[in-house]
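Asker: Dock chain B against the given chain A, drawing on the hints supplied.
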Amino acid sequence: MNIQASARIVWAIFCKDLVDAIKNKTILSGLASVVFVVLIYKFEPMLTAGDQLPNLLLYDAGASALAIELEDSPSLRVFTYDTFEAMRRALVRADRREIGLALPAGLDRAVDAGETIRLTAYAAYWQPEDTLAALVLLVEDELAHYAGTEVQVTLDPDRVYPADPGVAGSGFMVSIAVVLVVSMGGVLTIAHLMLEEKQTRTLDALRVSPAGPGPLLLGKALVGLVYCLVGVGAVLALNANYIVRWDVALLAAAVGGALGAGLGTLLGSVCETRQQVTLYGFLFMSVLLLPPFLIVMDDLIPGPAIDVIRWLPTSAVAYLVRASFAPTLALGPALARVGAAAGWTALLVALAARRVRRLDR
Amino acid sequence: MVESIAIRTEGLTRKFGKTRAVDGLTLSVHRGEIFGFLGPNGAGKTTTIKMLTGQLRPTSGRAWVAGCDVVVERQALKPRIGVVFDSQNLYMRATARENLSFYARLYGAPRARVDDVLALVGLQDRARERVSAYSNGMAQRLVIARALLHQPEILFLDEPTRGLDPHVARQIRALAARLAREGTTVFLTTHDMEEADQLCDRVAMIDLGRIAALDTPERLKAAQGEGAIPEPTLEDVFIARTGKALAANGFM
Chain A
0 MNIQASARIV WAIFCKDLVD AIKNKTILSG LASVVFVVLI YKFEPMLTAG DQLPNLLLYD
60 AGASALAIEL EDSPSLRVFT YDTFEAMRRA LVRADRREIG LALPAGLDRA VDAGETIRLT
120 AYAAYWQPED TLAALVLLVE DELAHYAGTE VQVTLDPDRV YPADPGVAGS GFMVSIAVVL
180 VVSMGGVLTI AHLMLEEKQT RTLDALRVSP AGPGPLLLGK ALVGLVYCLV GVGAVLALNA
240 NYIVRWDVAL LAAAVGGALG AGLGTLLGSV CETRQQVTLY GFLFMSVLLL PPFLIVMDDL
300 IPGPAIDVIR WLPTSAVAYL VRASFAPTLA LGPALARVGA AAGWTALLVA LAARRVRRLD
360 R
Chain B
0 MVESIAIRTE GLTRKFGKTR AVDGLTLSVH RGEIFGFLGP NGAGKTTTIK MLTGQLRPTS
60 GRAWVAGCDV VVERQALKPR IGVVFDSQNL YMRATARENL SFYARLYGAP RARVDDVLAL
120 VGLQDRARER VSAYSNGMAQ RLVIARALLH QPEILFLDEP TRGLDPHVAR QIRALAARLA
180 REGTTVFLTT HDMEEADQLC DRVAMIDLGR IAALDTPERL KAAQGEGAIP EPTLEDVFIA
240 RTGKALAANG FM
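So the protein sequences, as listed, match chains A and B.
Residues 0 to 360 (numbering that gives the first Met the number 0) make up the first sequence, in order.
Residues 0 to 251 (numbering that gives the first Met the number 0) make up the second sequence, in order.
Here chain A stands alone, though its shape is the one from the complex:
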């Protein structure tokens, strides 16, 4: 078959299934559940944040008494760090309302003298400006209350970015949400589309048509890719405040989408019933969701195991997502992750193709 004919067939299958996926109630309800999970990830912290006190991360250069008094503040949760760098690193570790403050040496003397205290505050790059403005005012008020003198806090215009995308940090759950979307998206769309073709025996009609196993799988994989990309795009759009490098984010989306498509084609080629899709899909997703969590537990997981987990496909996708949060990209590690995810995707698709070809043996 020539390339033009193959492209025509792939396009025909893609167009049909793109629409058919929405008409399939099982797929539609599954996609709705993915949307729900993504929205919960995004908005739950905002819903509960009102009940939580904002954090004040302190680097106290002079072991001041003011820092100790601040810990009693009813308006702030205060955390103290031994070094300035430790305080800055902590700023990019969690998605909460927080601000960092460096207390200079000799602060107690200035407080005792009744001088106006001038301090510099630091914030993670994704914090909204209005939130930071409110936090600065709050910190000024609390410090003034405990110091008994005027305090002026100035926000450092250079926001804090994560130095290493490999570690857990703010937006960690964004990377998990992306992994979840690609896992579920691929399984829910492609696997169920292929299953329906088997159960309604329309696959028999396709097999006697010019549609060979390759174009058939590719057409369906492209549908899964589209749905995964839409899902990942929605996650990234909802969390756009974290993303510094959109080129890396889009690369992560493409790699993740391809992985989801590969996963779905393998599952669809293997499963014969809806129960199998549910069971194996659940197992697949559970296994795939674990590595991005394990990779950040390097204090609990042995080093050699971490070295292996690093190259699992969803670890690679999660790494690329978090890499988009940093202004500079370590090209070597990023390309290596792309290669790893692409390799796994190719393996999944090859296994699926082999399975489909063996159907008529």
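Careful, some of the hints might be misleading.
Unchecked claim - Sample of chain B residues facing chain A (criterion: CB under 7 Å; computed from the structure):
| hint | residue |
| --- | --- |
| 1 | Q54 |
| 2 | T58 |
| 3 | F84 |
No wet-lab data here; the hints were simulated from the structure.
Where is the CB? At the ideal position from N, CA and C, for every residue including glycine.
Answerer: Same frame as chain A, now just chain B:
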């Protein structure tokens, strides 16, 4: 290969484990012929069609359909054959037109062909309805329309009238006869002896994967008529050749 032969098999065999579903099948079907393949459930009819249409690989033996070896030239075979399966495998959430348009794209058939086949099977006025709303007969006609989109040389009909109302079955038989007159070779499996008698130029009776008889209906009945039954039917021929009663073989 002689051009007048549309389908030829030599020792075609398919095993599933130790079971020989088709055992050493050797036959030929002429171009423009309506060839009937008769047998009870489990005789090997559908397995034979699956091998001839490239869906199933033979265990041994060879077959050529429309000049193509069904194993090594499977992809070249596909545009030359149309298949009507024993189940109505349509996209139920799509309309008739959407179903046919999709397959027309797969086969590279022009869009106008969709209207042609809809008219051929009498569904042009129901083309925009979802297939899920179709009756059994309408769905079967649509499956036939799908098989004719690309104007195949050979049409495989696997139990095309099973479960259909008599008048719809008659329409389908008339369509098959018309296609044969126009040059399409029709390979028909059925358990309806009367249908085979009326429609087929030649019939092969298959039982336990083997051909028990192969000839024109007239000659088969004539040969049987020399025995005890004055006006034998094809059913009588089958019973005589296989030694099996109808009910035990689940014909009806």
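Asker: Please name the hints from earlier in the document that this structure breaks, with their numbers sorted from lowest to highest.
Answerer: Violated hint: only 2; rest satisfied.
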